[in-house]
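**Student:** Protein chains in written order, with our numbering: chain B, 1094 to 1526; chain D, 1094 to 1526.
Restricting the straight-line Cα-Cα distance to at most 25 Å, the calculated cross-link-like pairs of lysine-lysine (PhoX-like) are:
(1) D:Lys1277 <-> D:Lys1293
(2) B:Lys1099 <-> D:Lys1148
(3) D:Lys1399 <-> B:Lys1099
(4) B:Lys1123 <-> B:Lys1192
(5) D:Lys1399 <-> B:Lys1102
(6) D:Lys1483 <-> B:Lys1124
(7) D:Lys1471 <-> B:Lys1192
(8) B:Lys1124 <-> D:Lys1124
(9) B:Lys1192 <-> D:Lys1500
(10) B:Lys1399 <-> D:Lys1099
(11) B:Lys1476 <-> B:Lys1502
(12) B:Lys1419 <-> B:Lys1380
(13) D:Lys1102 <-> B:Lys1399
(14) B:Lys1483 <-> D:Lys1192
(15) B:Lys1123 <-> D:Lys1526
(16) D:Lys1283 <-> D:Lys1308
(17) D:Lys1419 <-> B:Lys1123
(18) B:Lys1500 <-> D:Lys1192
Bear in mind the hints are in silico, worked out from the structure with no lab data behind them.
Number of protein chains: 2
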Amino acid sequence: MSISKKPYKGCRDLFPELKRAQDFMFDQMKKAAHAFGFEPYDGPMLEEVDLYRAKSGQELINDQIYSFTDRGEREVAIRPEMTPTVARMVAQVHREAPKPIRWYSIPNLMRYERPQRGRLREHWQFNVDLFGPESIYNEIEILQVITHLFNSFGANASHFEILFNNRQFIDFFFSKTLGLDESKSYDLYKLIDRAKKLPKEKFDEQLAAFNLELKNSELFNEYLTLKSIEEFKTFSEKISFPKENWDLSGFLSAGDAAGLSKYLVFDPTIVRGLDYYTGLVFEVFDKHPDNRRALCGGGAYAGLMKIFNEEQLPGVGFGLGDVTLKDFLESHGLLPDFSHGNNVLFLGTEDESCELEVLNLANAIRSRDISVINSPSKLKFKKLLQQASKSGSRFLGIIQKETNKVKIKNLNTNDQNIFELSNIKEIITELNK
Amino acid sequence: MSISKKPYKGCRDLFPELKRAQDFMFDQMKKAAHAFGFEPYDGPMLEEVDLYRAKSGQELINDQIYSFTDRGEREVAIRPEMTPTVARMVAQVHREAPKPIRWYSIPNLMRYERPQRGRLREHWQFNVDLFGPESIYNEIEILQVITHLFNSFGANASHFEILFNNRQFIDFFFSKTLGLDESKSYDLYKLIDRAKKLPKEKFDEQLAAFNLELKNSELFNEYLTLKSIEEFKTFSEKISFPKENWDLSGFLSAGDAAGLSKYLVFDPTIVRGLDYYTGLVFEVFDKHPDNRRALCGGGAYAGLMKIFNEEQLPGVGFGLGDVTLKDFLESHGLLPDFSHGNNVLFLGTEDESCELEVLNLANAIRSRDISVINSPSKLKFKKLLQQASKSGSRFLGIIQKETNKVKIKNLNTNDQNIFELSNIKEIITELNK
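Could you build the full structure based on these sequences and the hints that come with them?
**Tutor:** Below, the structure written as structure tokens:
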């Protein structure tokens, strides 16, 4: 029987070109996190199922999780997201750690879903979280990490925007202004969350079922039409949303000082599902007409420590998947070409019995931190040139047995120079050009 | 109910100090691979169980693998090792790819085992493989990647050695010299593999069961006493081991030219179990008296493409785990201190309502690729100093509202200088000192 060469459904074989692109994205993520002093962490790829059950309820467990029972009768799951793990880890150290705690990670995650564009069963996710006393500055900082990252790829306000809203605001609006009880508020959240996907008629029909008073129904419709930050501000003043719940003006001036104004857009339909968020909620949106979708989402939360019987520690964070990010970069032409490696010297020979000289010189050059692909067995010039180019090398070196010399050809300029094998210093200077 | 804060058995929570150490090791691995032109790849964390069954037989499947049945009735497993995945991937592309193919990866792997020093259920493993026509130069290159990596940590021949042997040689010795049939050869392999672990008496007893002729028994005992490369060479000449099977002299001169001589030690008991190796086999051994153990192992193989019905493509490779490597570096004092991060500026203020100035300046500095942790809310000097030190920052900046200036204190030298907030250029120069 022959075994299949294909990867498991919904997973990727990352051949070198793809892996180089992924490593490039990972490097930019790490740089963006380090620019703000975030520290790296990672956790196990397996967690006990109870952890996810406690955080997300039974639904996620049943539908989306890879879970099984281990030989010790533990019910375990492959991590489908990083938040429960980071909460578990922070719960171990938050009492001693200086606040705020700034952490990031780039774990591989598995979710059981039907593979489609931008969604695979396995992906890597950049997770950034800031834990500490509630503060608009923490919210601003998390958004800055995102813009810093996107800017590092060359993306700007013409490529993406940050749609935001605030759960404190919606909660206040629903309960104090519209006078809804908890259960009706919950249902209205659900409706808003689907607002962009439902046809207008369907939406109106479902809204009607809430039997809002005329005045409230008008207010709610007014809310749904809010487009700019100015309109949002005016509306929040109109309903007397208190500064204590969330300092909207403070948030906006801080966003201004932090260079975020050109990205921030208020969106009344952003609520981030029925998730655990309790403050700011946001989604980074692609502005490309063919790719109008959320690239990443996040927000502020307060209750993650509860399941560990630990005192509350608020946080703000987001997750950005590598598949989504790559689609974004590709659709805007922002992903560099990774079809070739990035090697300095391809070293070979056309002569018999020159193998040891090749090994020797390659070794000496590598010890000066210059990469060398060596090809000790003799090859024809044409073949050497072909292999050197395909490998993405900048120089081709050919050792000439008789003269004890090496000819070094710059493959970009076609310049070539000849050096004594013993003259390592000059060879290094040439290769550093 | 309160949820456990502990990680799943045999897995690690990598808090920032540990993750920084791991990232440092990963970076050195990547650099070592790139120094030789190896290209990165990765595969899925799940594979179909048939892949492992085809390569390793039923034993590994039953004992060591995390496997389960997915919702599509596929029998899948979390990857316990990378070789089957890389073989599957190479089988897809080897016909078109220029040879040799040089690939490396650093995947996370899960094995079901009893956690103990140097062995956990989850670890990361540096996998390096070179696929192409059989050649002693490929074997030498793989060993060079290892020494290059270990040298990059400051390890030298006083810290580690490379014990080697060759399966071609053992096969020839067993079948042609000792005249053993396949089944007896197999049993003798098993005995040798356990030679170091068995007490002398036990070993002799089991050896006696082979009923070797006196002459052969003496030869076998002579084989077991071979200590140096010179002795190995003399012995291989004595039994007329043919150069066509493996060019021992060529291998040794190439190793010399490549700077490997000081690491290479012949060891008659190295056979790498009953694994798939067909040529060179080796183990990198820690020389530390408290940690005399194999750090990594590998060798040359020929048959990995068979299970995919593809023509043979020989290879050489090795795997090095992050837990083992870390133990090695720590026991030799070669692991740098990672207790703190590596941030440049910690920026805060002692004054009220200076938050926007903090955000503004931090943003301007970060855009020049300098990392800044900002702390917009006012704090006492002592607190600022404390937080700056704990965060591993090199400078503490304090914005003075009244004067519109920032005082920058070098935390290593205690020098301090005052700059106009608008004078970004001078601030950057100071921070780059």
